[in-house]
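Engineer: Here is how the chains run, residue by residue.
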Amino acid sequence: MSVLRTWVFLPVVLGFALPAIAQQGKAVYDKSCALCHAAGVAGAPKFGNASDWSPRIARGAAALYASAMNGTPKGMPARGGNAELKDADVKAAVDYMMAAASAPKPAPAAAKPAPVATEKPAPVEKPAAAAAVTAGAAQVNSFNRLMRPASRQNPPPSEDGIHDPKNEGTSQLQAPRSAYENLPRASAGNRVNWVAALEEKRIAPRWDRADPKAVGLVLDFNIVREVKGSMPDVVYPHKQHTEWLDCSNCHPAIFIPQKGANQISMASILLGEKCGVCHGKVAFPVSECRLCHSKKKDLAGPAAATGARP
Amino acid sequence: MPNRKPGSEALRAAACAAICAALLALPAGAPRAEYGDVVINNHSDKAGMRPVVFPHWFHRIRFSCKACHADLGFQFRAGGNDINMVKIIDGQFCGACHNGEIAWAIENCNLCHSAPPGTPTQVHESTLQRMNK
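So the protein sequences, as listed, match chains A and B.
Each residue of the first sequence is one higher than the last, beginning at 1 in my numbering.
Each residue of the second sequence is one higher than the last, beginning at 1 in my numbering.
Because the hints were derived from the structure by calculation, they are not lab data.
Predicted, not measured: the structure shown is a model, and the values here were computed from it.
Mixed in with the good hints, there may be bad ones.
Derived Cβ-Cβ restraints for the label pairs, each shown as a range [said to hold, decoys possible]:
id, chain 1, residue 1, chain 2, residue 2, range
1, B, Met85, A, Val218, 35 to 41 Å
2, B, Ala105, A, Lys296, 35 to 41 Å
3, B, Pro117, A, Ala58, 46 to 52 Å
4, B, Pro117, A, Leu270, 26 to 32 Å
5, B, Gly91, A, Asp233, 44 to 50 Å
6, B, Ile106, A, Ser51, 21 to 27 Å
7, B, Ala105, A, Gly43, 31 to 37 Å
8, B, Ile89, A, Lys201, 33 to 39 Å
9, B, Asp45, A, Asp220, 44 to 50 Å
SDA-like mimics (lysine to any residue), calculated; alpha carbons at most 25 Å apart, straight line [stated by the list, open to error]:
id, chain 1, residue 1, chain 2, residue 2
10, A, Lys239, B, Arg77
11, B, Lys46, A, Glu168
12, A, Lys213, B, Ala105
13, A, Lys296, A, Ala267
14, A, Lys239, B, Gln75
Taking beta-carbon pairs under 7 Å as the criterion, some of the chain A residues facing chain B (in silico) [what the hints assert, rightly or not]:
id, residue
15, Ile162
16, Asn190
17, Arg206
Where a beta carbon is used, it is the ideal one built from N, C-alpha and C, also for glycine.
With the rest of the complex left out, here is chain A (with noise of 0.2 Å):
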């Protein structure tokens, strides 16, 4: 029990224990880093264990600046899984952990009183059992697609699963990854943000097949539907839509062009009607509730409204 402590307190004191290194460090650890090199899960180097740390170390800062930025083979996600971290931020991290391992041995004299001083003795390095236990734990969750490492993501055909690495042309085609680098990144999905990318200009998909220079009509008009139960109002932007598709795409064969007209269920969309025709197959998946489910129900409202009744 105490060995657990630890894991979960040991990044709480040495912050405490390493009032010189930068914040900013601490900061991006706790919230990126942490899950994973707090207790050493699956051969992280485990924060603060200096065995776990010191042939790294000897490799060079830069060394561990580049695996934290790209990511590792052995599982290490590029920037954590967090693509939002800019480089500094990941630097600062590093250099957090890297001083927060080299720190243990003058630590306990030199620093902090008591408290810290008591919580000291307890850290052993157990990962291997730390590891053992959540590899296990890993085949149990291994249906979720959304929780998949950065590392994981957007593989190059060959190791995708579904091209044929024996067959020849796989080889020549383009890798995702080398067309996604200058996207605005998604959490979910192709990891892409296709309606970012579109409004910044990044990428330019031709509206005729044979015409570069033809554009859509974009209609700019939202449609709110109101839902049950405690979830936000949806929001469905026509302008967003209708800069990729044609009006007949959906109407009248999807959605009757009608207020009121159309029963729209999360039942349905899961098996692929309604919103379901695209999104959960090609558009952003229904794991986003937020990314449809946006305007906050006026709370006020109802609850004076229901409030007659008891």
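Following the hints, put chain B in place on chain A, whose structure we already have.
Structural biologist: Below, chain B without anything else, positioned relative to chain A:
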């Protein structure tokens, strides 16, 4: 940390481990192709060809959805379009672009016919595909 119940710490540690485990995700062997990659195997296996992989991501960088799904009549359903090579050579479906003018022509068989033999028709990572498993 005085007066802390051991049980709560075990719970906390378990929760921590669970979150970490969740982050480890898919086993290495499972397909991890791009979201929206379509495999079409209406006729390929029977004809002794590898099934076709259509990469949505690649095409949507270059063409709006409308260019194929409105202008060319592609239905929004994997395997829902009766495509064959005769039609493609005739300029229908893929052949509207893959004719050597807008995109490379059909002699590059194995750029499309690139899935391992026997791969079923599917939209990779689609909600439906996940639910049927």
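Engineer: A separate judgement is required for each hint: does it hold in the structure or not?
Structural biologist: Going through the hints against the structure:
| no. | hint | in the structure |
| --- | --- | --- |
| 1 | Met85/B with Val218/A: 35 to 41 Å | holds, 37 Å |
| 2 | Ala105/B with Lys296/A: 35 to 41 Å | violated, 53 Å |
| 3 | Pro117/B with Ala58/A: 46 to 52 Å | holds, 48 Å |
| 4 | Pro117/B with Leu270/A: 26 to 32 Å | holds, 31 Å |
| 5 | Gly91/B with Asp233/A: 44 to 50 Å | holds, 45 Å |
| 6 | Ile106/B with Ser51/A: 21 to 27 Å | violated, 59 Å |
| 7 | Ala105/B with Gly43/A: 31 to 37 Å | violated, 48 Å |
| 8 | Ile89/B with Lys201/A: 33 to 39 Å | holds, 36 Å |
| 9 | Asp45/B with Asp220/A: 44 to 50 Å | holds, 46 Å |
| 10 | Lys239/A with Arg77/B | holds, 24 Å |
| 11 | Lys46/B with Glu168/A | holds, 21 Å |
| 12 | Lys213/A with Ala105/B | holds, 23 Å |
| 13 | Lys296/A with Ala267/A | holds, 22 Å |
| 14 | Lys239/A with Gln75/B | holds, 22 Å |
| 15 | Ile162 | holds, 4 Å |
| 16 | Asn190 | holds, 5 Å |
| 17 | Arg206 | holds, 5 Å |
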